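*Asks:* The task is simple: from the sequences and hints, build the whole structure.
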Amino acid sequence: MSHNFPELKNDLFLRALKGEEVERPPVWMMRQAGRYLPQYMVLRKKYTFFERVETPELACEITIQPIDELEPDAAIIFSDILTVPQALNIDVQMVPGKGPVMGNPIRTEDDAFAILAEDVAQKLQHVMDAITLTRKELNGRVPLIGFAGAPWTLFCYMVQGEGSKNFDKAKAFLFQHPDASRHVMKELTKATIDYLRAQVDAGAQAVQVFDSWAGLLSPDDFNEWAMPYLMEITHAIRDVPVILFAKGAWYALERLSFKSGAAALGLDWTISPEFARLKSRSEITLQGNFDPTHLLAPIPEIRKQTRRMIDRFGARRYIANLGHGILPHVPVDHARAFVDSVKEYGSGE
Numbered sequence: 000m001s002h003n004f005p006e007l008k009n010d011l012f013l014r015a016l017k018g019e020e021v022e023r024p025p026v027w028m029m030r031q032a033g034r035y036l037p038q039y040m041v042l043r044k045k046y047t048f049f050e051r052v053e054t055p056e057l058a059c060e061i062t063i064q065p066i067d068e069l070e071p072d073a074a075i076i077f078s079d080i081l082t083v084p085q086a087l088n089i090d091v092q093m094v095p096g097k098g099p100v101m102g103n104p105i106r107t108e109d110d111a112f113a114i115l116a117e118d119v120a121q122k123l124q125h126v127m128d129a130i131t132l133t134r135k136e137l138n139g140r141v142p143l144i145g146f147a148g149a150p151w152t153l154f155c156y157m158v159q160g161e162g163s164k165n166f167d168k169a170k171a172f173l174f175q176h177p178d179a180s181r182h183v184m185k186e187l188t189k190a191t192i193d194y195l196r197a198q199v200d201a202g203a204q205a206v207q208v209f210d211s212w213a214g215l216l217s218p219d220d221f222n223e224w225a226m227p228y229l230m231e232i233t234h235a236i237r238d239v240p241v242i243l244f245a246k247g248a249w250y251a252l253e254r255l256s257f258k259s260g261a262a263a264l265g266l267d268w269t270i271s272p273e274f275a276r277l278k279s280r281s282e283i284t285l286q287g288n289f290d291p292t293h294l295l296a297p298i299p300e301i302r303k304q305t306r307r308m309i310d311r312f313g314a315r316r317y318i319a320n321l322g323h324g325i326l327p328h329v330p331v332d333h334a335r336a337f338v339d340s341v342k343e344y345g346s347g348e
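For the record, in the sequence shown the residue sitting at position 303 is 302 according to numbering that gives the first Met the number 0, with numbers rising by one throughout.
Do not rely on the hints blindly, as some may be mistaken.
Said to hold, decoys possible - Here are the simulated PhoX-like pairs of lysine-lysine, each with C-alpha atoms no more than 25 Å apart in a straight line:
#	residue 1	residue 2
1	K168	K189
2	K168	K185
3	K170	K97
4	K45	K97
5	K8	K342
6	K135	K8
7	K185	K122
Said to hold, decoys possible - Here are the computed distance ranges between Cβ atoms for each label pair:
#	residue 1	residue 2	range
8	E117	I298	37 to 43 Å
9	E108	R14	44 to 50 Å
10	E108	S163	18 to 24 Å
11	K45	K17	38 to 44 Å
12	R43	H125	17 to 23 Å
No lab work stands behind these hints, which were simulated from the structure alone.
Owing to the predicted nature of the structure, the values given are computational and were not obtained by experimental measurement.
In this text, a Cβ means the ideal position worked out from N, Cα and C, and glycines have one as well.
*Replies:* Structure representation (structure tokens):
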């Protein structure tokens with residue numbers, strides 16, 4: 000599929016992913032499109048969550064809002080990791096104040112074996128339309144990132160049936176029904192590959208895989224239930240760089256650096272820059288890892304901590320970001336201070 004997209008004017012993010020020389024690190028923020036922006040809240044009052052995700056014009060508008068407001072170096076499509084479970088016939092509702100709730104979670108082995116990855120990209124065509132539209136509307140200002148949830152993290156929601164601190168039902172199911180769980184993981188992996196490939200065809204210039212609950216697994220369980228599927232996904236996506244964000248899986252940094260095939264690894268704030276560079280032997284681009292709660296500190300403090308973070312990671316093979324999504328109550332000028340501090344880095348300010 001060839002779209003005639005406008006020429007890219009700011010390729011800093013893509014160059015950092017390739018490990019090329021950069022004048023400063025690029026910066027963007029997870030969840031930058033959304034709930035801390037007043038212009039997003041206007042749309043939130045008018046439309047339900049999935050109306051916003053499933054209407055390409057709205058998803059496009061929401062994706063571009065932070066680009067207009069903060070001018071980071073990359074845009075990430077406004078969507079949700081639970082689109083893939085939806086395409087696998089899991090009923091997902093966003094309940095205000097509670098988060099995602101599945102109407103028909105996986106409870107039995109039969110439920111698990113009934114999960115089949117068929118026509119996933121076609122069922123999620125609205126995401127592709129949003130990506131193509133957004134890529135055109137961005138007019139080459141910054142690259143556009145597509146994304147998906149990792150199989151383990153999606154499995155957590157599909158079995159637990161809702162958000163959880165420990166996903167105890169999902170973990171119990173994993174060890175009580177390993178064959179059924181393996182079936183679900185394989186179907187999720189297939190679905191995710193199809194979905195990400197379609198996003199790339201639609202115009203995504205990089206993709207990020209969110210394994211938000213990786214840290215709930217022991218190192219051995221991660222090696223069995225997360226790592227092989229992450230590797231399968233990264234090796235299947237050939238045309239654009241893949242960023243893996245396995246939150247909490249600090250113990251897997253070395254393996255992820257050398258075996259995953261990813262272009263970059265996202266890091267949460269519990270990992271020191273020095274440890275991350277040591278484990279990855281500075282051979283892979285690292286992304287992160289500012290604690291989003293620190294964006295509630297006074298602006299001079301945000302600026303100081305942001306500069307210190309870059310000093311510690313080094314300006315090369317590094318993408319400045321948060322260690323998790325931005326919080327809803329962060330003031331916009333605090334988010335801007337974070338972005339601006341990165342942009343001013345190295346210019347002697």
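*Asks:* For every hint, state whether the structure bears it out.
*Replies:* Against the structure, the hints:
1. K168 to K189: Judged against 25 Å, a Cα distance of about 24 Å means the pair holds.
2. K168 to K185: Measuring from Cα to Cα gives roughly 20 Å; hence the hint holds.
3. K170 to K97: Roughly 21 Å separates the two Cα atoms, so the pair holds.
4. K45 to K97: Given that 25 Å is the threshold and the Cα spacing comes to 19 Å, the pair holds.
5. K8 to K342: Roughly 16 Å between the alpha carbons, so the hint for K8 and K342 holds.
6. K135 to K8: holds (13 Å)
7. K185 to K122: Satisfied, since the Cα-Cα distance of roughly 19 Å is no more than 25 Å.
8. E117 to I298: 37 to 43 Å: Since E117 and I298 have Cβ atoms about 50 Å apart, the given range 37 to 43 Å is violated.
9. E108 to R14: 44 to 50 Å: holds (48 Å)
10. E108 to S163: 18 to 24 Å: holds (21 Å)
11. K45 to K17: 38 to 44 Å: Since K45 and K17 have Cβ atoms about 40 Å apart, the given range 38 to 44 Å holds.
12. R43 to H125: 17 to 23 Å: holds (18 Å)
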